[in-house]
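For the record, the sequence lines run as chains S and V. Counted the way the numbering used here counts, the first sequence spans residues 2 to 247. Counted the way the numbering used here counts, the second sequence spans residues 40 to 307.
I should point out that these hints are in silico values taken from the structure, not numbers from a laboratory. All residues carry an ideal CB built from backbone N, CA and C; glycine is no exception. Please note: incorrect hints may appear among the correct ones.
What follows is a set of in silico ranges between Cβ atoms, one per label pair, in the way DEER data are often shown [said to hold, decoys possible]:
1) V:Lys210 <-> S:Ser114: 31 to 39 Å
2) V:His45 <-> S:Glu130: 54 to 62 Å
3) V:Ser199 <-> S:Leu20: 25 to 33 Å
4) V:Ile176 <-> S:Lys111: 25 to 33 Å
5) V:Val142 <-> S:Ser114: 57 to 65 Å
6) V:Leu182 <-> S:Asp72: 31 to 39 Å
7) S:Asn83 <-> V:Ile176: 47 to 55 Å
8) S:Gln59 <-> V:Lys210: 30 to 38 Å
9) S:Asp219 <-> V:Glu256: 47 to 55 Å
10) S:Phe108 <-> V:Leu299: 42 to 50 Å
11) S:Asn169 <-> V:Leu299: 23 to 31 Å
12) V:Ala175 <-> S:Asn67: 19 to 27 Å
13) S:His134 <-> V:Val142: 47 to 55 Å
14) S:Asp71 <-> V:Asp127: 35 to 43 Å
Straight line, CA to CA, 30 Å or less: simulated DSSO-like cross-link-like pairs of lysine-lysine [claimed, not checked]:
15) S:Lys187 <-> S:Lys31
16) S:Lys62 <-> V:Lys210
17) V:Lys210 <-> S:Lys70
18) S:Lys111 <-> V:Lys210
19) V:Lys74 <-> S:Lys62
20) S:Lys139 <-> V:Lys121
21) S:Lys70 <-> V:Lys302
22) V:Lys210 <-> S:Lys159
23) S:Lys5 <-> S:Lys62
24) V:Lys121 <-> S:Lys111
25) S:Lys31 <-> S:Lys126
Partial selection, computed: residues in chain S whose CB lies under 10 Å from chain V [to be verified]:
26) Phe15
27) Lys70
28) Tyr75
29) Asn83
30) Phe86
31) Met95
32) Ser141
33) Gly199
34) Tyr204
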Amino acid sequence: MKNKLIEVKNLSFFYEKELVLENISFEINKGDFFAITGPNGGGKSTLIQLLLGILPLQQGKIVYHNLSKDDIGYVPQNSNFNLDFPITVLDVVMMGNGTKHQNHFFFNVKYSSFEIACAKESLKKVGMESFLHRTISKLSGGQRQRVFIARALCSHPKLLILDEPTSNIDAKGQKEIFTLLKELNKTMTILIVTHDLGVISNYANKVLYLNQKGYMHDLTTLNFSIKEKEHFCEVELMQMLGKEND
Amino acid sequence: MIEALHYTFFQNAIIAAILVSIASGIIGSLIVVNKMSFLTGGIAHSSYGGIGLAIFLGLPIFWGATFFALMGALIIAFISFKQRERIDVFIGLVWAVGMAIGVVFVDLTPGYHGDLLSYLFGSILAVSKSDLIFMAILTLVILFFIHRYYREILAISYDSTYASLKGINAKLFFTLILVFASLTIVAAIKVVGLILVIALMTIPTYIAEDLSNSLYEMMIKSSIISITFTLSGLFLSYKFDLTSGAAIILISAAFFLLYLAFKHFFIK
Numbered sequence: 002m003k004n005k006l007i008e009v010k011n012l013s014f015f016y017e018k019e020l021v022l023e024n025i026s027f028e029i030n031k032g033d034f035f036a037i038t039g040p041n042g043g044g045k046s047t048l049i050q051l052l053l054g055i056l057p058l059q060q061g062k063i064v065y066h067n068l069s070k071d072d073i074g075y076v077p078q079n080s081n082f083n084l085d086f087p088i089t090v091l092d093v094v095m096m097g098n099g100t101k102h103q104n105h106f107f108f109n110v111k112y113s114s115f116e117i118a119c120a121k122e123s124l125k126k127v128g129m130e131s132f133l134h135r136t137i138s139k140l141s142g143g144q145r146q147r148v149f150i151a152r153a154l155c156s157h158p159k160l161l162i163l164d165e166p167t168s169n170i171d172a173k174g175q176k177e178i179f180t181l182l183k184e185l186n187k188t189m190t191i192l193i194v195t196h197d198l199g200v201i202s203n204y205a206n207k208v209l210y211l212n213q214k215g216y217m218h219d220l221t222t223l224n225f226s227i228k229e230k231e232h233f234c235e236v237e238l239m240q241m242l243g244k245e246n247d
Numbered sequence: 040m041i042e043a044l045h046y047t048f049f050q051n052a053i054i055a056a057i058l059v060s061i062a063s064g065i066i067g068s069l070i071v072v073n074k075m076s077f078l079t080g081g082i083a084h085s086s087y088g089g090i091g092l093a094i095f096l097g098l099p100i101f102w103g104a105t106f107f108a109l110m111g112a113l114i115i116a117f118i119s120f121k122q123r124e125r126i127d128v129f130i131g132l133v134w135a136v137g138m139a140i141g142v143v144f145v146d147l148t149p150g151y152h153g154d155l156l157s158y159l160f161g162s163i164l165a166v167s168k169s170d171l172i173f174m175a176i177l178t179l180v181i182l183f184f185i186h187r188y189y190r191e192i193l194a195i196s197y198d199s200t201y202a203s204l205k206g207i208n209a210k211l212f213f214t215l216i217l218v219f220a221s222l223t224i225v226a227a228i229k230v231v232g233l234i235l236v237i238a239l240m241t242i243p244t245y246i247a248e249d250l251s252n253s254l255y256e257m258m259i260k261s262s263i264i265s266i267t268f269t270l271s272g273l274f275l276s277y278k279f280d281l282t283s284g285a286a287i288i289l290i291s292a293a294f295f296l297l298y299l300a301f302k303h304f305f306i307k
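So that you can see chain S by itself, here it is in the shape it has in the complex (with noise of 0.2 Å):
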């Protein structure tokens, strides 16, 4: 009970009138490296919304155990941004913290050196600490993303939520930001969207398949090798999707 983080129960959410969630229940525990998978529409972003307190809940309850606003740091999806937008590395990183450190009356233009501390510390993090004062969109998609889980960790988040973090971003650029999200997950909880089976049985220890429905797998009670575990997720998921055609 004690390493619970996140209860979810009976959840369902509608948009307009069309059903989007059924009835989902699951918990996050401490420690764990959790991912969401499933097809589009299949209502994983929704309920990432819903988890993040962005949109209201209808129907179920979400418990959060000792977790309250600021401890949950949150990777939005790589594409959603405007790349001509004039900010650097710093800028963004910044905006983790909000406006907690913001003290004048009429300048709050210039960041304090105890804010660019707290900068570099979270860039230290993710190997980007000498980019501080770069442009964002001289970075590479990679790159970004990890200054946006730089930007996450600001506040020393005690669950990191990533949705499709490596969506548009190159082989070389997707194993970098899972090796530091491994690398992560020894401090903190991982709740990750992810469509890369691979990914899913190489980090994983429960997994969510959403489609409208939701079905529950821990992957630690399943003594398999990666291979086999890769096989297994791709068996069993395709198993869900058959049952849902049923």
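Fit chain V to the given chain S structure using the hints.
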């Protein structure tokens, strides 16, 4: 040319050009990074409804334009929160209905309306003391707003969902940006006219965006570029007796084309 600087009306025009350029450089930057140019066009043109109504009722045109521009901004802000995916339709509606109201009221008012052309195409040389006071107060309020709430504005402009998660009231700040945009439009109408106002708010900012590493830098550069364009246009319009708005916009467009050519040939 130098003798013009001795005339009060020309000095007023220079002050107006500088004040409006600072306001439009800052607010124009926010419009461009938030991809709200079309939306601002809707607000600008909706103000014509207020101009027509003011002429019909015999009220000061300036207040009619201000009221309609503010209403246009608030309506567009309200609809964009409710039906963001169809916002283009509603902007078009506000744009066209505002213009139509203005045209009908002008039709219903007997006589010739010389003032109307100055609102459509600008009359910076005829700027009054009360216009200058309005521009000065607006510029000061915008400067305070930007410096006090820079981080909130930066966060909602770059990633509004994340900003909301961090407790920033994104809807309030978007509405405030639109309100300041509508007031800046009303001030800029005096300089370039409502038909051309969007060009003043977007051409300098487009160039500045390209040359900047941060939103703050973009606002400063955009204001400086805008001052250069408006003062050049002002001198041109005085020298050759041209309509000020058209002169300013043509100067801006010429600089813009030169910049694009320079970028194409000399910058990788």
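Need the list of violated hint numbers for this structure, in ascending order. As far as the earlier hints go, 7, 8, 10, 12, 19, 20, 21, 24, 26, 32, 33, 34 are violated by this structure, in ascending order.
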